[in-house]
Structures are given as structure tokens and as C-alpha cells.
Amino acid sequence: MNPPLFRSAVARQPDAIIYLDGIEMPARSGESLITALLAAGLMTGRSEFDGSPRCGFCLMGACQDCTLWAISGERLRACMTEVVDGMELCRLPPEPGSQNE
Amino acid sequence: MSELHPVVIGAGPAGLACAKALLEAGLRPVVLEENPRPGGQGTRRLSPLMTPEAERLFGHAQAGATARREAEEDRVLAACDWRPGSLVWGIFDNRLAILRDGRHDSLPYDRLLIATGATDRIMAFPGWTLPGVFSLGAAQVALKQHAAFIGSRVVLAGASPLLYLAAAQYLRMGVRHLTIVDAASRAQKRRAAAGMAMTGLSTLIEGLRLLRELRRPDVRRIDGADLVRAIGGERLEAVEIRHASGRTETLACDALAFGHGLRPETQLAELAGARFSFHPQLRNWFPIIDADGRAGQRLWLAGDGAMTGGREAAAYSGRLAALSMLADRAGAASPVTREARALRRRARRLRRFQVHSAGAFPWPHEQAAAMPDDTIICRCERVTAGEIRKAVSSTAGPVEINRVKAITRCGMGRCQARFCGPTLQELTAAASGRPVESVGRLRAQAPLRPIPVGSADEEARA
Ligand code: FES
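Protein chains in written order, with this note's numbering: chain P, 188 to 288; chain U, 64 to 525.
Do not take every clue at face value.
Part of the chain U face toward chain P, derived, beta carbon under 7 Å [claimed, not checked]:
1) Ser198
2) Ala210
3) Met236
Keep in mind that the hints were calculated from the coordinates and are not lab data. A quick note: this is a predicted structure, and the numbers were derived from the prediction, not measured. Just so you know, even glycine gets a beta-carbon here, dropped at the ideal spot from N, CA and C.
The whole structure should be built from the sequences, with the hints applied where relevant.
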């Protein structure tokens, strides 16, 4: 497993499961998606220009660096979206062209 | 035609103070906020996971004061037409284009207060796009909102009072490997201290108290050193810094947060018709407002989004803007009460404090000229310093920053130049050999955030 990028500041008892590109991940309901992802050492995506990993920068909704997609096609910012048990996410838009970039 | 309710955008200290004053006058403002909860940036509320830690994080006295302030804010919002989770992405003919819960909405206004605050002002440097590198504000947001630290061995770097506040909060919550790399030398700080003491003694004392708290063996503080590059493959492994003596040093770490003060969030104000002027000491563009925050016939601005001043200045300026709106409703030019005069005086003094503190936390504009060509400036579109320089040198006639943006696409990505804009400004100026104010100001365009294509179409049809 990848070393975590985020370190939890409080006792964190995962009570939910979310899926990123089909991979199961423990999470805590109510925490932000980015917390769950970075605590697992996962990146939120790759740059569509040079393929380098991106994991968020501002953590407050301004930079969009943490963008990923719900399986429904909805574009999400991982730092502004709360974990809901069973959430299914993808790092690339599920239907290309359905969302503006 | 019945009168429209006043609209407030942003539920930070400025927006909330404005809403409160409007309520007191018997109006019921609409309050729009992008976040699900009120609070703002510096005063961002703790997430439910962090709430039990408030005393540890803030200290006993401040935790109590914060709880009382938030309870009061909740009372104010309960009496308003409060709409959290509202993303205002455009303004067309005195109507706000809003996206909320995936639905499109359009809200007309006749008096509008914009209090969108400020975000970190960033000077790009090689490697800043590596995972593990965050903005300075992010280090604090991680803790308050995400109940997490950005790493275990943390470097906080740049030029900002937030360096010390974030360090103290990390320390109180148990992080032990902390390094503070302050770009300003101690001499620069001492020089700025006199002006700071005259305009904001209590804030200065608070700052000195933080410095004392951080004076301990497990916190390393380096003054007068710059960031050279962030090192790592798929993620951050170390940062290289350059000391004032010229010597370089590599600090092993798994997280870096950096920033160089604040830049106002002015994109909505611009779409609402605000005009701008250049502030030479802060070396940045600010919207033009009158003494009460009025920026146009229907437009008022308050808080750090109008002029950097911090939480207290934001609250004074928000209340003042409300008094000005009320005077305007009654057909008067501006409020003449004693309260209005006192608010003007206090807000002005706190904003002067920020100008003095810019001496202690300078914007490192001179770094742009020396930046290596392969440095990524625009993290969204991956535009490099070299590409920007090439665009500048190939432009015929006077260099204009929006032209450079159009040629290179720097600033046209999903963050809309929020984080690359300040570097782009300085690079354009340095590469063309002209003063930064003469290369122009980056213009904003709707949509201010990426939105589903359908919403823009709906807006066009509406
Ligand atoms: S990290 Fe910047 S928008 Fe999420």
C-alpha cells in the first residue's frame, strides 16, 4: 500500500466503503473524499496534459486540482464532497464529452 | 414593482456582519455561500470530527470566543434567506447565475454585497505541482475541515503570518517534525514592526506570542531563505532551499505548504462591474471602492476581497457596507452616523496594518526573473515559464497580460488563474522589462468555475 499523504489528526474509524475506479477503499462517512483518498496514499487523478499525478493543492475548492467524477458523470471536487457509503468514483470522466473541462 | 431583497455573497466575517446589520434594519437578505457551512477562510469552522478538539487547537479562551461567535452567526443566518452550497458562477444584467445541488438558478438583485474573501498568493517554483505540495491556507484547512495533517514531516514556507499560526496549530495537535522557512529576514521584520505596532498592536502581540510558543527544539525556524525546488518522483520527498548566505540545503519532508500572503478573490466583483486600481505597496490590483465599500450603483464590496485587512476589518467593512446600502435605500449618498464614522476609521487602520505587514512578509516578485524555463506556472494547463517568455518576446507592440494568457493558455484552465495569475503577472513584466502595473490585469470571464455545459445553455435561454 502507498504511504499516506494525509495523516489523520483525530482517531479515524472507517465505517464506509467507497470505490475509486472499481477499487474498494475504506472511508469514514462525513469526511471529505480527499481525506479518504490521501489517507490511503492515492492520487485524485492525473494531469490530462502531461500525465503527472495530482492530489489537490488548495483543499478549499478553488484550484480544482482534486477533480474527479461520480459514476453518474457528475464532476466533483474531492475536497468539497463528503463521503457517502457505497460511492462510486472515477478519475476520468465516465462518458467523455459529457462534462465541460 | 416590489423591492428586491438585498443579496450577500459569501458567509465569512464580512458577509455575516453585513447580513446582521440588514436584519437589524428590518430587511431579510439572501445569503449565498459556496461552502455547505458558513465561516469564511481564516475563520473556517471546524468539521464535526474536529469540533471536540477545539480547545486543544485554539486554546481555552479562544475556543470559547469562537463558539460564541459561531452561535451568533447561526442566529443571524436563521433569520436570513440562507442558501449554503450556492455556486455563483456568473453575473448577467443584475442577475446572478447560480448552481446549487446540480440545479440552475437565476437571482435578480438591486443591491449586492460581494464578500468573497482572499486566497493564498502563490509564486510558482520548480516542483510545486508534486503531490504533497499544498498552499499555505490548505495546511490549515486540512486540519480544520479535513481533520488531517498534510503529512508527518511538514515544511511551511513563504512569507505570511499564516506560517506561524499553522505551525502552532500543527504543534498543538501533535505534529513534531516542523520546519518553518520564512522568506523574510529578521531585519526585514524588525523594520516593519514599528508600523505594525502603530496600526495593530494587539495583532502584533499575538504574533509574537506565537513565535514564543514555537521556540522549541523540535521546531526549526529558518529566516531569510527561499524555496529553490521541490524534489520527488510521484510525490514530494524533499525541498531545496537557499539561505540568505547563498548556501543551499535540502530538507527531507513528506509535505510542504507555501504561500506569500493573500490575493483578493475579485472575479465576481469584476463581473458585477467593479473597476480596479493598482496598489504599489501590495503590488497587486484591488477593486475601487469608496470609504464605505461601494463599488457601483448596485454594488458593494467588503472584507479581504475588497482590501486585505483580516477578520476584524472584514466585519467592520461588512457592517459599514450594510449601512451604506441602507442609506442608499433611503435616498442618501452615504451614512453620516457616528457609528459609520467609527467603522470607517477602524477598518482603515486595520487595512493600514496589512500594508505595514507586507514589509514583514514581502511578495517575492524578483523570483520571476530568475525562474528556470521549465518551471510549470499554470498547474491546470501545464504551461511553463519558458513558454510564457517566448510568448512575451514574440508579441509585437506593447505586451498585455491577457494576450499572453490567450497565446499560452496560462490561466485558462479550471482554476481560472487563481493560483498562476500572480506569477504570470510578474513573469510577463520581467520578460518584457516593464513595470508590473503596465502589463495590465488578468480579466475574469464567466463561468468562474467549471460547470456542466447544460447550465450555461439554460442560462443563455433563460
Ligand atoms: S484541492 Fe483545490 S479544489 Fe480541491
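Here is how each hint holds up against the structure:
no.: 1; hint: Ser198; result: 5 Å, holds
no.: 2; hint: Ala210; result: 5 Å, holds
no.: 3; hint: Met236; result: 5 Å, holds
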